[in-house]
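*Asks:* With chain A held as given, fit chain B onto it using these hints.
Number of protein chains: 2
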Amino acid sequence: MNIITISREFGSGGREIGRRLADILGYTYYDREIEISIAERMNMDVDYVAHAMDQEMLMNIPLHFGRTFGDSYAMKQQVDILVEKQRFLKEIASASHCVIVGRAADVILSEFHPFKMFIYADMEHKIKRCQKYAKEEENLSPREMKKMIRKVDSRRFQYHRMFLNTDWGDKNQYHLCVNTTGVNIKSIVPILADYSSAWFRNSKPE
Amino acid sequence: MNIITISREFGSGGREIGRRLADILGYTYYDREIEISIAERMNMDVDYVAHAMDQEMLMNIPLHFGRTFGDSYAMKQQVDILVEKQRFLKEIASASHCVIVGRAADVILSEFHPFKMFIYADMEHKIKRCQKYAKEEENLSPREMKKMIRKVDSRRFQYHRMFLNTDWGDKNQYHLCVNTTGVNIKSIVPILADYSSAWFRNSKPE
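Listed in order, the protein sequences are those of chains A and B. Mapping of the first sequence onto the working numbering: residues 131 to 336, in sequence order. Mapping of the second sequence onto the working numbering: residues 131 to 336, in sequence order.
Next comes chain A alone, as it looks inside the complex (with noise of 0.2 Å):
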């Protein structure tokens, strides 16, 4: 199977080029699906999966070691929930071709050997990008922005360094890197589609 895994900076894109790409390659797409099929098969509440899988909630775990483990019951729901996780990534991986946004797939899913993309923009952009599509009730001033986008990247990153050992963002994690800085989205998915699929057929290990 021939498995996209797109990483991304907050409010850079990757998401609308994840979807595209797997609408022009026929490939599946996996973003916010994984939280809804993962919920589904624990007969959990799909907010409550997204939040126990949400890096900020992973990152107090260590803090809990030690201590009386007050919750532990809940702190086992977190695991189960990661480890459902791995498992439902593996078997998407090897259900169909597929596009994955995000969800640390790239490194979950390297004995797949997919292709890694890593998509980046100037925090300018970024921001613009994030004033655009924001839902109205979500009206934050310019700062208050990048504030959220460094922290939401930040919890990324330091996710990576703690449970995965890899550095996320660092360019030899991937196999191409694009800033979509002052770019137009539309116009460059078939290309990185057609650079994809050059890369399948050229460099996938058998």
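Fair warning: there could be bad hints in the mix.
A few chain B residues facing chain A, derived, Cβ under 7 Å [stated by the list, open to error]: (1) 301; (2) 313; (3) 315; (4) 332.
These stretches of chain B come out as covered by chain A in the derived footprint (C-beta under 8 Å, 3 or more residues) [stated by the list, open to error]: (5) 303 to 312; (6) 323 to 329.
Reference listing, derived: stretches of chain A covered by chain B, where coverage requires no fewer than 3 residues with Cβ under 8 Å from a Cβ of chain B [said to hold, decoys possible]: (7) 202 to 211; (8) 309 to 319.
Think of the hints as simulated: they come from the structure by calculation, not from any bench. From the three backbone atoms N, C-alpha and C, an ideal C-beta is built for every residue, glycine too.
*Replies:* Relative to chain A, chain B alone:
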């Protein structure tokens, strides 16, 4: 004019990408041509010019400040060559669409809004590539190769830090970063040509 600059790790195939890209796009290709032209203009030996443009020689300049300037003539020549290099790069950037490999052209020509690529690869891949293309007399062991690759790239990094105040190899400095590990360069260059054309159509400021 459309200017493509190619920065590259030693042994990653950046030069081959540059040459093929220029061929496909019908752009002028500049690499060693730069030293040759400067040598002609300044009526100097091309190897001397290449050596003077070499980062290692330049890096020693700060060591000389505050000394007796025993060899200030040679130092003045070096500075003259650098000035001429900047002038020459700006001339060629104004003359025709072109691909320029290295020479810090991405920074020196920033006012021309070049499409900036960075080419890199895993160390093992770079060593293999260097061994494949090495002249017979340069019979280095993989260990020596590795040392040389590190040395050249570290010089590039330090040069950019000291003289251009930029982080060479930091993905944020570039529009597209291409990992050539295990990649068939011939098969991806037409796609990179498409990508740069799309970038010039949509992203280049007027």
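*Asks:* Could you run down the list of hints and mark each one as holding or not?
*Replies:* Hint check results:
Interface hint at residue 301/B: satisfied, since its Cβ lies 5 Å from the closest Cβ of chain A, which is below the 7 Å cut-off. The beta carbon of residue 313/B comes within 5 Å of a beta carbon in chain A, closer than 7 Å, and the hint placing it at the interface holds. At a threshold of 7 Å, the smallest CB-CB gap from residue 315/B to chain A is about 10 Å, leaving the interface hint violated. Hint status for residue 332/B: holds, given a least beta-carbon distance of 4 Å to chain A, under 7 Å.
For the region 303 to 312 of chain B, the stated coverage by chain A is satisfied: 8 residues place a CB nearer than 8 Å to a CB of that chain, which reaches the threshold of 3. Closer than 8 Å: that is the beta-carbon criterion, and the region 323 to 329 of chain B has 4 residues meeting it against chain A, so the requirement of 3 holds. Only when three residues or more bring their CB closer than 8 Å to a CB of chain B does the claim for the region 202 to 211 of chain A stand; here the count is 0, and the claim is violated. Proximity of the region 309 to 319 of chain A to chain B, defined as three or more residues with a beta carbon under 8 Å from a beta carbon of that chain, is established by the 7 residues found.
Comparing the model with each earlier hint shows violations of hints 3, 7; every other hint is respected.
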